[in-house]
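Modelling step: build the complete structure from the supplied sequences, incorporating the hints.
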Amino acid sequence: MSETRFKTLRDVPLQEYLAPGNPLCAGCGATPVLRMFLKALEGRAVFVNAAGCFTLLHVYPYTPFKSSWMYTAFASAPAGAQGIRDALDILIEKGKIPPEEDIKVVCFTGDGAAYDIGLQSSSGAIERGLDFYYLVYDNEAYSNTGFQKSGATPYAASTATTMPTKLQKEGHAGSKKDLFEIWRSHKPPYVATIAPSHIVDMLRKIERASRYRGPKLFISFTPCPTGWYHDTSESIRISKLAVECGVWPLKEAIYGEVRHTYAPRALKPVEEYLKTQGRYKHLFHPERQEHVIKAIQENVSQYWRRVAKTEKLDITIPSP
Amino acid sequence: MLKIRFHGRGGQGVKTSSRILGRAAFLDGFIAQDSPIYGAERRGAPVVSFTRISSTPITERGFIFDPDIVIVMDETLLNDWLARPLEGIKKGGAVFVNALSEFPPPEGHDDKLFITYDLTGRALEILGKPIISSPAAAAAAKITGLITKSSILEATAEELAELDLKDELVEKNIQLAAEVYDAISTPVINTQESGSITSEVSPLDYEPVSYEEVIHLDIVNLGNSALRRTGNWRIFKPIVDPQKCTGCLVCVVYCPDSCITLDENNKAVIDYDNCKGCMICLRECPLRAIYSVREVRVYA
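Here the protein sequences line up with chains A and B, keeping their order.
Take the first sequence: its position 202, counting from 1, is numbered 202 in the numbering used here, and each next residue is one higher.
Take the second sequence: its position 156, counting from 1, is numbered 156 in the numbering used here, and each next residue is one higher.
Just so you know, the hints here were simulated from the structure itself, not pulled from any lab data.
Certain hints may be false.
[Stated by the list, open to error] Each computed PhoX-like pair below joins lysine-lysine, with the alpha-carbon atoms no more than 25 Å apart:
1. A:Lys166 / A:Lys176
2. A:Lys275 / B:Lys166
3. B:Lys172 / A:Lys275
4. A:Lys66 / A:Lys96
5. B:Lys129 / A:Lys39
6. A:Lys7 / B:Lys267
7. B:Lys90 / B:Lys172
8. B:Lys166 / A:Lys169
9. B:Lys129 / A:Lys281
10. A:Lys275 / B:Lys129
11. B:Lys149 / A:Lys281
12. A:Lys281 / B:Lys267
13. A:Lys66 / A:Lys104
14. A:Lys294 / A:Lys281
15. A:Lys281 / B:Lys166
16. A:Lys104 / A:Lys176
17. B:Lys166 / A:Lys166
18. A:Lys177 / A:Lys240
19. B:Lys90 / B:Lys15
Set out below in structure tokens:
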């Protein structure tokens with residue numbers, strides 16, 4: 001791989017671009033990712049925020065940011081980003097902003113905006129080749145409004161709208177959309193998945209993406225203590241487990257070519273991950289729903305068997 | 001009509017508390033009404049809910065601006081200019097504060113009765129969690145002097161069962177509610193019934209503002225969110241043991257709220273004004289150099 005300035009945690013820049021005191025939940029899994037994003041971009045960015053948990057970052061008259069922020073409706077963050085990019089380009093051309101200031105445009109949205117409500121506007125922005133970053137904090141439901149199911153909700157998760165019932169014992173019957181693949185099919189210069197527990201991997205990806213002009217898209221795993229029912233201190237632990245169990249693969253695609261940036265030597269059984277969260281409690285209590293746990297494991301194992309084959313990786317995969 | 005206002009922080013069980021109280025009043029034959037309100041904020045942020053209890057039909061709706069009883073489920077809210085829990089309380093009314101120890105009434109509130117009890121401490125001991133919906137409801141019930149013990153316990157069991165709590169946890173909540181109900185004595189509340197709010201709407205004096213002035217009301221103080229002081233959200237406080245800390249940066253990197261930095265000796269320092277007490281630092285520290293203690297504060 002090419003040179004990187006991020007090799008260990010010691011290389012994380014200490015300069016802080018996100019002030020403390022934001023009103024997001026204690027133990028939020030999204031804010032560590034946001035902090036790292038700002039560090040990697042050295043704060044030189046204009047942010048475009050669709051409706052979601054991050055709306056609350058900026059409750060008048062307080063702001064944790066030291067740079068500009070624009071708030072858009074649910075569906076239109078990438079459209080807002082286009083407007084800001086165009087305006088910046090015009091100002092640079094008129095000589096009103098020196099080009100070396102190198103201001104980037106960054107969208108933040110939750111999974112509701114990215115997977116469902118704003119999918120068409122991000123598709124349009126990628127198709128137009130808009131030069132922007134897009135960070136999705138994927139907590140797998142509409143967490144800001146009370147944890148209703150979204151297109152990112154995984155199979156068997158309990159949410160406010162997919163509670164386990166007598167007829168539907170496993171909770172959510174559908175499965176999570178594969179946004180990585182949806183975006184990858186547009187062949188953008190850069191798409192990656194990241195996780196708040198794997199900071200060095202994340203910083204390297206942001207660094208790598210910065211070499212490309214055009215859409216640079218990131219989907220971040222985001223533990224949500226409020227909606228997933230786990231202790232606030234567990235957020236990073238759960239993120240680590242999601243990667244080690246293979247539930248959240250860390251990968252990137254450059255112009256559509258996929259590569260896994262981290263593959264566990266031996267995948268842990270998904271049960272370890274499921275047991276950490278209240279939203280999967282019904283799979284274990286009052287009685288164990290063996291077939292559901294097996295189905296989740298089989299889904300993960302199948303994915304990794306395919307990856308091991310195509311990328312020639314040596315991974316021990318649990319068979320259900 | 002008796003009006004009770006609950007002030008707490010998201011996650012403490014403020015809404016459930018007012019519901020339990022409302023249900024208990026209903027079980028005792030009263031007419032009851034309860035409703036919560038929360039702004040666009042999260043766990044830890046101030047939350048308010050209301051219960052009205054009456055022997056005649058309740059026609060009043062909405063917020064309670066003139067409560068007879070105020071239940072403050074987190075003492076740090078007394079200092080919060082956004083929550084203002086003591087605002088509008090009637091003369092001679094009662095204020096219950098969940099606090100570790102008693103304290104004199106704050107300035108300008110000598111005419112109210114202050115009652116304190118360490119609900120969070122007892123909840124941590126009995127339930128293992130700082131959730132105080134049932135004991136706060138029990139405290140409110142006892143202070144009203146209208147609600148019987150059996151009704152508050154029955155209401156607790158019914159409301160918590162609706163939330164799908166395990167039987168064992170419901171039992172513990174009932175135990176805690178009973179303890180608080182017995183421990184608190186009913187004060188003599190002798191508030192003046194204001195009937196309806198009669199204060200007139202008074203227009204604000206203002207100079208006509210020009211369009212240019214309005215559009216210049218921008219936020220220029222960037223990064224000012226530290227002024228919010230989210231440190232009040234905390235129930236446990238992480239403390240770094242400088243003997244063990246090697247400055248490895250793990251806590252600095254994972255802190256969701258940018259609250260940890262390294263000092264000149266390369267030791268982690270926590271910004272207690274803003275730390276929300278999520279304890280990710282404690283969980284992730286590879287050297288176990290961070291420990292936690294119950295946050296102890298007395299409102300002064």
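- Message: Just to be careful, I want the Cα atoms of Lys294 (chain A) and Lys281 (chain A) compared with a cutoff of 25 Å; is the pair within it?
- Response: Holds, because 15 Å separates the two Cα atoms, which is no more than 25 Å.
- Query: Quick one, are Lys149 (chain B) and Lys281 (chain A) close enough, alpha carbons at most 25 Å?
  - Reply: violated (33 Å)
- Query: Are the Cα positions of Lys90 (chain B) and Lys15 (chain B) separated by 25 Å at most?
  - Reply: holds (22 Å)
- Given the hinted pair Lys177 (chain A) and Lys240 (chain A), is their alpha-carbon gap at most 25 Å? holds (22 Å)
- Message: Need the status of pair Lys7 (chain A), Lys267 (chain B): alpha-carbon distance at most 25 Å?
- Response: Roughly 22 Å between the alpha carbons, so the hint for Lys7 (chain A) and Lys267 (chain B) holds.
- Message: With the threshold set at 25 Å, check whether the alpha-carbon distance from Lys66 (chain A) to Lys104 (chain A) stays at or below it.
- Response: holds (14 Å)
- Message: Run the distance test for Lys166 (chain B) versus Lys166 (chain A): straight-line Cα separation, threshold 25 Å.
- Response: Cα-Cα ~18 Å, so holds.
- Item | Straight-line alpha-carbon gap Lys90 (chain B) to Lys172 (chain B), limit 25 Å | violated (34 Å)
- Message: Just to be careful, I want the Cα atoms of Lys281 (chain A) and Lys267 (chain B) compared with a cutoff of 25 Å; is the pair within it?
- Response: Distance ~39 Å between Lys281 (chain A) and Lys267 (chain B) Cα, so the pair is violated.
- Holds or violated: Lys281 (chain A) with Lys166 (chain B), Cα cutoff 25 Å? At roughly 12 Å apart (the allowed maximum being 25 Å), Lys166 (chain B) and Lys281 (chain A) satisfy the hint.
- Pairwise hint evaluation, Lys275 (chain A) against Lys172 (chain B), where the allowed Cα distance is 25 Å at most: Given pair Lys172 (chain B), Lys275 (chain A) holds - Cα atoms ~24 Å apart, limit 25 Å.
- Message: Run the distance test for Lys166 (chain A) versus Lys176 (chain A): straight-line Cα separation, threshold 25 Å.
- Response: holds (23 Å)
Going down the numbered hints, you'll see the structure goes against 5, 7, 11, 12, 16, while the others check out.
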